[in-house]
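Asker: Here is how the chains run, residue by residue.
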Amino acid sequence: MKSKKNTTNQSIKPQEKEIVLELKNLRKSFGNNHVLNGFNLKLYQGENLVIMGKSGSGKSVMIKCLVGLMEADSGTISVMHKDITKLDQQALDILRADIGFLFQGSALYDSMTVRENLEFPLRRHTKKFGEHVNTEKLVVGALKNVGLESAIDLMPSELSGGMKRRVALARTLILQPKIILYDEPTSGLDPITAKEIIILMQDIQKKYNTSSLIITHDVDCARVIAESMILLIDGTNYAEGSFAELSASNDPKVKAFFKQ
Amino acid sequence: MNKKQNISDKLKAFFIEIGELSYFSGRFFKEAFKRPFELKELLRQCYNMGNKSLLLVLITGFIIGLVLTLQTRPTLMEFGAVSWMPSMVGISIVREIGPMITALVCAGRIGSGIGAELGSMRVTEQIDAMEVSGTNPFKYLVVTRVLAVTLMIPLLVIVGDAVGLYGSYLVENLKGNVSFQLYFNQVFDSIVYGDIIPATIKSFFFGFAIGIVGCFKGYYCEKGTEGVGKAANSAVVFSSLFLFVIDFIAVFVTDIFYDL
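Sequence order for the protein chains is U and W.
Here the numbering used here is used: position 155 in the first sequence is 155, and no number is missing along the way.
Here the numbering used here is used: position 105 in the second sequence is 105, and no number is missing along the way.
Worth double-checking, as some hints may not be accurate.
[What the hints assert, rightly or not] Cut-off 25 Å, straight-line C-alpha distance, at most; resulting in silico cross-link-like pairs (BS3-like, lysine-lysine):
{"#": "1", "chain 1": "W", "residue 1": "Lys223", "chain 2": "U", "residue 2": "Lys86"}
{"#": "2", "chain 1": "W", "residue 1": "Lys223", "chain 2": "U", "residue 2": "Lys54"}
{"#": "3", "chain 1": "W", "residue 1": "Lys30", "chain 2": "U", "residue 2": "Lys86"}
{"#": "4", "chain 1": "U", "residue 1": "Lys86", "chain 2": "W", "residue 2": "Lys34"}
{"#": "5", "chain 1": "W", "residue 1": "Lys40", "chain 2": "U", "residue 2": "Lys64"}
{"#": "6", "chain 1": "U", "residue 1": "Lys207", "chain 2": "U", "residue 2": "Lys178"}
{"#": "7", "chain 1": "W", "residue 1": "Lys10", "chain 2": "U", "residue 2": "Lys137"}
{"#": "8", "chain 1": "U", "residue 1": "Lys64", "chain 2": "W", "residue 2": "Lys139"}
These are calculated hints, taken from the structure and not from any lab test.
This is chain W alone, in the form it adopts within the complex:
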């Protein structure tokens, strides 16, 4: 009985949180189009998030490209299909691996950062101080951060895709003596708009999910340092979970369009 009660309480809390997050997202859209626009803060956040995540995205993208090629090469060789490597890696990275890995890395880097920053601002009454001084803290802190992540993730995905493909090319060049031009000709021959457009749209949604979850967790952080830790941690957990859900929906919807 106790276990059942416990599970039902947890489910209830989960659905309440989803409801609150939906309301929070609704408030974001309401406030985003209202004056005054915090353009300076938006640009500052774009710079912070883009610039500070760039190195991480470059390293992970490059390693993923290397590893993917190294792992796949023996299997393709077994079937005599190693010439398909650039096409296979290109499509995998552009459609799925690039956006997903970049978004997951950014969920850890940016999502936790937003959760911790807003959480500590809440705990130390900085958000209250902002409100008392006549500035709408939701607009200044939440709208700017969510917009910045939504805009920056697609750009980081493009960078991540590029270095991932370059990493894959390096392996092919070392192991199979494939030239740069040949490798990338094959990559671009096999990629169509149907691969790029859904992946780009998906990246915007990934960015929005990371931003809104991070802000939600930080903005309503519980009091105390433990609350800040929890906010940062749950921002990463929830946004990563949302990324997979969004990815599933995106693949499902894209599949419907392909069938049409």
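Next comes chain U alone, as it looks inside the complex:
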């Protein structure tokens, strides 16, 4: 476990693996509220990295800075070796095709059908699949991955919470991203549906060898999916390590998370 007191996590992250995402000394404040206070992170190719923290600890702010939805006050954000703070809008949009983002509330477009929701990201990224892209094939394929081909012509209002999360995951997958960011993927779901989503996330990771950054409060989710973890406390990496290492920690702040 790596924390303020202990730093030995070399075994989990082999040096030969490529770093696909790196945050260095990230800082973000809202007035006097210093949400991120020098946060660091490295995500390796094919890795599942879980970030845990209390509500309001800055997890969502960090993930939004990562895709350029929010501007950090200082620090560097490197995605696939590109510093996103220095990219122009066009370059950032191209890079975003390689980053999937599963929003906490699914964020499906209410006025569009499931099919249109999935087609939407393809509008700007046809180049990724060549000029003669078969949209229908991609949409059906993405829905098959999440087991919801039959919902293709439904409106989001006709779907249950779990189905919405699956469709959102299919929308995230349609651009075949190399990195997937999950913002509270199991929040608001019953334990059984949450488990199904976790299994789906694992399947996707295996099938596409994606790197995943998962923000969650859900200890069960972290236990199953985390290859490594960071505890975000006071805007910094308070502790790092595997689930087993962190859950065995004697640090009271770390212990508090696993007592939930």
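Mind docking chain W on chain U? Use the hints.
Answerer: Here is chain W on its own, set in the frame of chain U:
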């Protein structure tokens, strides 16, 4: 002291909002001429706004024409000037009542709709999802809606004017046995280009004000369902206020041209 402070804070907030709205409008003009143009979405919005407001405009226009004629008739009869009714109603409706009533009705119908729709999209992170998928949400959501309202309001005003005059004719026909041809001959004899052109130009500005205020309020909606309600409500209040300001300026400018 507290009251003074309160008033000065409110004034400051008001001017800050005006500044932000001006910046938002500037961004609209900057983005409106940049590729890619969202033509399909623009047409969809034109259809939605025009088609869904049509019935409301027809009913209000018709009733205004009826009421205006019924209310004015006794006074004109007293002065033996009832034959001036078509000219008076025609000029009033074309110059002022038609554009203003149509715009006010649309501020309620379209302005609040845009505020609530964009507000709920902001709250449920749909706007963020759009941005992450590589689509410029300002261009897709704001530019198309503002353009659609700007184009549709003048058309709705023409329809509103027509049914208003027809309502007025029905009263005249029932009460004074005036024929359709005689009534409308008199209306068109008294209306000149100086009445139609300023009213049409004014209608474009009305449409722009409704669209830009609705989009501004929705796009920067505060979090939560309360925020969506506030966005819809303040979109109607602010756009109605702007309509009166624009109307005053339009009448003032038209008056200067008449004097020349």
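Asker: Tell me, in ascending order, the numbers of any earlier hints that this structure violates.
Answerer: Of the numbered hints given earlier, those the structure breaks are 1, 5, 7, listed in rising order.
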